[in-house]
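Numbering-wise (the numbering used here), the sequence shown opens with residue 10 and increments by one.
None of these hints come from the bench; they were simulated from the model.
These numbers come from a predicted model, not from an experiment.
Accuracy of the hints is not assured; some may be wrong.
Claimed, not checked - Restraint-style ranges between C-beta atoms, simulated for each label pair:
id, residue 1, residue 2, range
1, Trp34, Leu70, 47 to 53 Å
2, Arg38, Lys124, 53 to 59 Å
3, Glu138, Ala23, 54 to 60 Å
4, Gly110, Glu169, 17 to 23 Å
5, Glu169, Glu111, 38 to 44 Å
6, Glu137, Gln93, 48 to 54 Å
7, Arg65, Glu137, 39 to 45 Å
8, Gln93, Ser69, 45 to 51 Å
9, Gln134, Ser86, 27 to 33 Å
10, Glu138, Trp34, 41 to 47 Å
11, Glu137, Arg108, 15 to 21 Å
12, Gly110, Pro168, 22 to 28 Å
13, Glu90, Leu117, 53 to 59 Å
14, Arg135, Val79, 37 to 43 Å
For each residue, glycine too, the CB sits at the ideal point set by N, CA and C.
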Amino acid sequence: MNASRTPLVILLLAGIFLFGGISGWLAGRSIQLPAPEPEPPTDRRGPGMTERHVLRLVGSLELTDDQRAVIGPKLRSHFEEIRQVRRESLQEVRAIMDRLGEAIRDELNEAQQAKFDAYQERVRQRIEEADAGPFSGHRPPDLRPRLRPEDRRPPPLPPEEE
Numbered sequence: 010m011n012a013s014r015t016p017l018v019i020l021l022l023a024g025i026f027l028f029g030g031i032s033g034w035l036a037g038r039s040i041q042l043p044a045p046e047p048e049p050p051t052d053r054r055g056p057g058m059t060e061r062h063v064l065r066l067v068g069s070l071e072l073t074d075d076q077r078a079v080i081g082p083k084l085r086s087h088f089e090e091i092r093q094v095r096r097e098s099l100q101e102v103r104a105i106m107d108r109l110g111e112a113i114r115d116e117l118n119e120a121q122q123a124k125f126d127a128y129q130e131r132v133r134q135r136i137e138e139a140d141a142g143p144f145s146g147h148r149p150p151d152l153r154p155r156l157r158p159e160d161r162r163p164p165p166l167p168p169e170e171e
């Protein structure tokens, strides 16, 4: 090949390559595939958990329309009853924890009380987040343990004297 034509051939090939890339990009933008259907959540928590459970049960049992009309409302009622019992028991647990907290706080000095109050606030926040259990209708943002140096387990208490 002639030396004077080499730069021209390289420029021509680069132009063809660039043209192909641009036209491919434009074609890809103009030909949009429909977004895939979102998969239903598989966890047992979060919004719609009751409906997912009802649909899963109805589908697996191959219920007739008449059976669905009877069983569906029963399941929904059942889950609402569980939510109510859970709320009531959680309130009782909170009352017990508050009494325990006061009993512990009475034994602490001011610096320890401040640390204990901060600790209790973190525990309350985690409980509120965890309140989004399987029957609450919403999912907590994060339930991983959040241990800080001051949260580490203290040495065991001495045995009770008889």
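Status of each hint after checking the structure:
Between Trp34 and Leu70 the beta carbon distance is about 51 Å. The supplied range of 47 to 53 Å therefore holds. Between Arg38 and Lys124 the CB atoms are about 58 Å apart, so this pair conforms to the stated range of 53 to 59 Å. Under the hint 54 to 60 Å, the C-beta atoms of Glu138 and Ala23, about 57 Å apart, fit the expected range. At about 21 Å, the beta-carbon gap between Gly110 and Glu169 stays in the expected band of 17 to 23 Å.
In this structure the hint that Glu169 and Glu111 lie 38 to 44 Å apart at CB is violated, the actual value being about 21 Å. The beta-carbon spacing between Glu137 and Gln93, approximately 18 Å, falls outside the hinted interval of 48 to 54 Å. Checked against the hint of 39 to 45 Å, the pair Arg65 and Glu137 fails, with Cβ atoms roughly 29 Å apart. Our hint of 45 to 51 Å for Gln93 and Ser69 is violated, since their Cβ atoms are close to 27 Å apart.
Between Gln134 and Ser86 the C-beta distance comes to about 32 Å, which sits within the given range of 27 to 33 Å. At roughly 45 Å, the beta carbons of Glu138 and Trp34 sit within the given window of 41 to 47 Å. Evaluation of the 15 to 21 Å hint for Glu137 and Arg108 yields a pass: the beta carbon distance comes to about 19 Å. Distance hint check for Gly110 and Pro168: the Cβ-Cβ separation is about 24 Å, which falls inside the suggested range of 22 to 28 Å.
For Glu90 paired with Leu117, a C-beta distance near 41 Å fails the hint of 53 to 59 Å. Checking the proposed 37 to 43 Å range against Arg135 and Val79 shows it holds: the Cβ atoms sit about 40 Å from each other.
Violation of the numbered hints given earlier is confined to hints 5, 6, 7, 8 and 13; the remaining hints are satisfied by the structure.
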